[in-house]
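Asks: This is what each chain is made of:
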Amino acid sequence: MPDVTFRILRFKPGRIDPPAYVDFPVRLAPHMTVLDGLDQIRRDQAPGLMYRHCCHHASCGTCACIINGTASLACMTRVADLGEGPVTLAPLTNYPCVGDLAVDMRAFYKKMDDRWANIRLCENATADRVPPGVGQLMRLENCIECGCCVASCPVSGASQEFFGPAVLAAINNEMRNRPCRGEKLLQTAADQRGAPMCRRHLNCSRVCPSQVYPARHIADLLRAIDDKKKSGAF
Amino acid sequence: MEHILIIGGGGTGGALSHDLALRGFHVTLVEKGSLLSGTSGRHHGLLHSGARYALHDVETAAECYAENQILRRLAPQAIEPNDGLFVALSDDDMSYQKDFMNRCRSAGIPVRCVSAAKALSLEPELHPQIKGAVQVPDGTMDAWRLPLHFFATAKANGARIYPFNQVSALTRNNGRVTGAKVKDLRTGRTRTLSADVVVNATGPWAGRVAATAGLDVPVRPGPGVMVSMAGRKCNMVINRLHPAGEGDILVPQRRQTIIGTTIWLADDPDQVQPPEDQVASLIGMGARLMPVLSKEPVHAVWWASRPLLQNGDMENPMRSSRGFACIDHLERDGVEGLISLIGGKATTLRAMAREAADLICRKTGRAIACFTASTPLISYRKIMQTADGWI
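Just so you know, the sequences run in chain order A and B. Each residue of the first sequence is one higher than the one before, counting from 1 in the numbering used here. Each residue of the second sequence is one higher than the one before, counting from 235 in the numbering used here.
Mixed in with the good hints, there may be bad ones.
[What the hints assert, rightly or not] Under the rule of at most 35 Å between Cα atoms (straight-line distance), these lysine-lysine pairs were calculated in the DSBU-like manner:
{"#": "1", "chain 1": "A", "residue 1": "Lys12", "chain 2": "B", "residue 2": "Lys415"}
{"#": "2", "chain 1": "B", "residue 1": "Lys352", "chain 2": "B", "residue 2": "Lys616"}
{"#": "3", "chain 1": "A", "residue 1": "Lys110", "chain 2": "B", "residue 2": "Lys529"}
[Claimed, not checked] Selected chain A positions facing chain B (Cβ under 7 Å, derived; list incomplete):
{"#": "4", "residue": "Arg15"}
{"#": "5", "residue": "Ile16"}
{"#": "6", "residue": "His31"}
{"#": "7", "residue": "Gln45"}
{"#": "8", "residue": "Gly48"}
{"#": "9", "residue": "Arg52"}
{"#": "10", "residue": "His53"}
{"#": "11", "residue": "Cys97"}
{"#": "12", "residue": "Gly99"}
{"#": "13", "residue": "Lys110"}
{"#": "14", "residue": "Asn118"}
{"#": "15", "residue": "Ile119"}
{"#": "16", "residue": "Arg129"}
{"#": "17", "residue": "Pro131"}
{"#": "18", "residue": "Leu137"}
{"#": "19", "residue": "Leu140"}
Just so you know, these hints were derived from the structure itself, not from any lab. Where a beta carbon is used, it is the ideal one built from N, C-alpha and C, also for glycine.
Same shape as in the complex, but just chain B:
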């Protein structure tokens, strides 16, 4: 079987290594830091029902819901499966309710109308003046342990996974990408890994990796700040019922409540300077949904760079597509041997992997079906027990 080299140990790379290993390919994955240390591990932990995208991106919404249901089956130990509420704070918010529910239903997302009184009984810390709510099948995921299930299963099926191995350049020969030069940060040694297909799954760093082969990838870092408040103030995910915006989501997890998020456009994923005023502004917006949040101490402040696809309208990045692209550089640039898999959501990691693995099957002339939707994943602890430990 062909050897596939995956660059990037985020959720996408993890899910792809699992899918390819299951189909019988030889798989090597390299990651410049520890696994899931780029964008994947740093999100607020929302297991999307898709409802958040229902008003402006029905296709992504439908895909999120399908994947939400699959992940609940595959990795129940990494998910708080408590659903979510979209809460109307004003009559203006309420005016979206009918349209919102219709759009969710057209995306296949089951929704339930919830009265203000019922919502307050489910989540007593909600603002007492809320006008109404809609229940959706959101959830919370453990942003480290959920994708680690995929890595664990991939490794058990033979994939070789090397954290702290940084790609310095893609290698090219006769117009095709043939592998990559990889530096082991532990030993300091650089080696060349040859592969039949190389997959660039480096999220907001994808442009930089592709540039080493003279190619470009339409990705733009879209950082966002998250603030976590001490104390678990809800069991369900709380969204504001209005078109997706900043500071309109609360995600409970363990003993904390996370307020998400903001967005701006950056040029370099390593040179992100979060605007100073965003923390106070996020807390203020979160407290409109749950007033108690303004009284709690800040538990953590952090940011992550989303890999935004540059496919048209970047004027309103909060509502730009969270879809993904699986780019065959043969079709795009006439260069064989390289695929870039970018964009997407943590919730859709398995679907992204399936599309890339299908493309790799077509490119290698293999007809092997995808079985990741029905193949159980093994515990994330397995990889920690057996890998060289510095995962």
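So that you can see chain A by itself, here it is in the shape it has in the complex:
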């Protein structure tokens, strides 16, 4: 197998500061993902390399970074699909970098209410598919809170105030999961830092690795807000 170069923007406060690109040769292996490459570098060349990872199959959302210019999950990006040239890796934009590829996600999660559900009814939960004794067929939400949408959103980049695509998508999901709270949630979304701040760049839907399509949720919210305004409710 040939080698490929990983060009990683390294940062260690006070040590590699300002951040600087460092090249690492990586031995390719079948099915190799960018995350596998990072594991190899940490094992063989740079034991102090910092990056977040956990599930390795796009369920946890921790390994998001900027891969060749696009916010992506390292575990879902196959090195063979990236074409010629080095694989360039940088930490997610629009978040403070903690070290190397690891970013501080506090601002993202502070906007994500911890009471909002992370599971919902299965789409195909017809009566004949519900096993005896199981009340309702439930599944984990599509959004894995990786932060790619926020990293690629120019509005989030310009203002920390903006709720961001993931939070607005979560609000729209929560309105569906708990209709009794719909009115209050819609008022939250209608805040001037909420859906009205979106400028429809649509980057969020393009980069989302989990098919959440946040821009669609924001469009839903804006329509609902508009309806409320027309009816004089807002």
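Given chain A, put chain B in place with the hints provided.
Replies: Structure of chain B alone, referenced to chain A:
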């Protein structure tokens, strides 16, 4: 109260930090990478009912079921609670049905006989020629968010949790382990953390950590490959009704269906080379349960190293015990101050923590009961909102 240093930020360390913090101990946890980045986060996400072990390890099976019921209560936001089916593909598989159901029941696991027609109505993508099935209380867990609930609650109760902090060596003084030298990968600085008790909860790396104090731990990395196929093809976990083997389980999660798994024995948890032919072979075996899987694109391929206890028969690692060991190195090696907590399953993380915390209470002369079975956990999002973010 005594200071307990936990090495390893996997599910075991997370559950133990919660248990100890709840009992009032001062707790520090260090993890060389990000939390749950070793073995814990990488499993297929099965919330075991215990049925998978019923035929060869009734004790683990019973423990899995008890913990399954507790976790469903404690972390419902991280679980798809849709039960599972053990499906017979052949008359030979069907011959296990009665024995399987009896053994499940003797382990306390409620099971239900399901006809082939009923199974196909519950899960239409199953192979149309199945002979019958058994319903068990399996589920799917979010392998990151479920254990993160424990970390979040531990942190809220005062535990200090430091990812990207790597132990270079345990420290010893007068024949006892007194703490560890820890390097902060961010600042590059090494400090010595002193503790009354050190817990080695580093899974397949446990041998390496113990070796820095001249001790050994009977753990062997047992890696396995998992393949995830694009598309959610079932809501229930699907197992093949036969003695546990490779490629005989399908775990749905979000928009994917995960085929698990294989097993082999490795010497070094960092030098794992998955055999090339395992991906195709797993897809082939998964497609025997659900033919549609052979037509779907591969979503992800990954592996994880199980921490297998070396307690006897390693000839058939798939059926070796998934029990855990809580080793007091005072009893085993005459060295005070160190416990190794290894083996076990993601499903049994809370029970492992309880046993280790009970041992720590005995060692420190404290009589404090365990309350983790009934203490609600707080949302995983809490730790992401309050911790220094690079969790």
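Asks: Does each hint fit the structure? Answer for all of them.
Replies: Here's how the hints hold up against the structure:
Taking the CA atoms of Lys12(A) and Lys415(B), the gap is near 20 Å; set against the 35 Å cutoff, the hint holds. For the hint linking Lys352(B) to Lys616(B), the alpha-carbon distance of about 42 Å lies beyond 35 Å, and the restraint is violated. This hinted pair does not check out: Lys110(A) and Lys529(B) have alpha carbons roughly 41 Å apart, beyond 35 Å. Restraint check, Arg15(A) versus chain B: the minimum CB separation of about 6 Å is within 7 Å; hint holds.
This hint is violated: Ile16(A) has a C-beta 10 Å from the nearest C-beta of chain B, more than the 7 Å allowed. Because the closest C-beta pair between His31(A) and chain B is about 5 Å apart, less than 7 Å, the hint holds. Hint status for Gln45(A): violated, given a least beta-carbon distance of 13 Å to chain B, over 7 Å. The beta carbon of Gly48(A) is positioned within 7 Å of a beta carbon in chain B (closest approach about 5 Å), and the interface hint is therefore held.
A hinted interface residue such as Arg52(A) counts as satisfied when its beta carbon comes closer than 7 Å to some beta carbon of chain B; here the least separation is about 4 Å, so the hint holds. The beta carbon of His53(A) is positioned within 7 Å of a beta carbon in chain B (closest approach about 5 Å), and the interface hint is therefore held. Nearest Cβ of chain B to the Cβ of Cys97(A): about 9 Å, over the 7 Å cut. The hint is violated. Because the closest C-beta pair between Gly99(A) and chain B is about 4 Å apart, less than 7 Å, the hint holds.
A distance limit of 7 Å between C-beta atoms decides the matter here; for Lys110(A) the minimum to chain B is near 5 Å, and the interface restraint holds. With its C-beta approaching chain B no nearer than about 4 Å, Asn118(A) sits inside the 7 Å limit, and its interface hint holds. The interface hint given for Ile119(A) holds, since its Cβ lies 6 Å from the closest Cβ of chain B, which is under the 7 Å cut-off. Proximity of Arg129(A) to chain B holds as hinted, the smallest CB-CB distance being about 6 Å (cut-off 7 Å).
Checking Pro131(A) against chain B by beta carbon gives a least distance of about 5 Å; that is within 7 Å, so the hint holds. Of the supplied interface hints, the one on Leu137(A) holds, with its beta-carbon coming within about 5 Å of a beta-carbon of chain B, less than 7 Å. This hint holds: Leu140(A) has a C-beta 5 Å from the nearest C-beta of chain B, less than the 7 Å allowed.
This entry does not satisfy hints 2, 3, 5, 7 and 11, going by the numbered hints stated previously.
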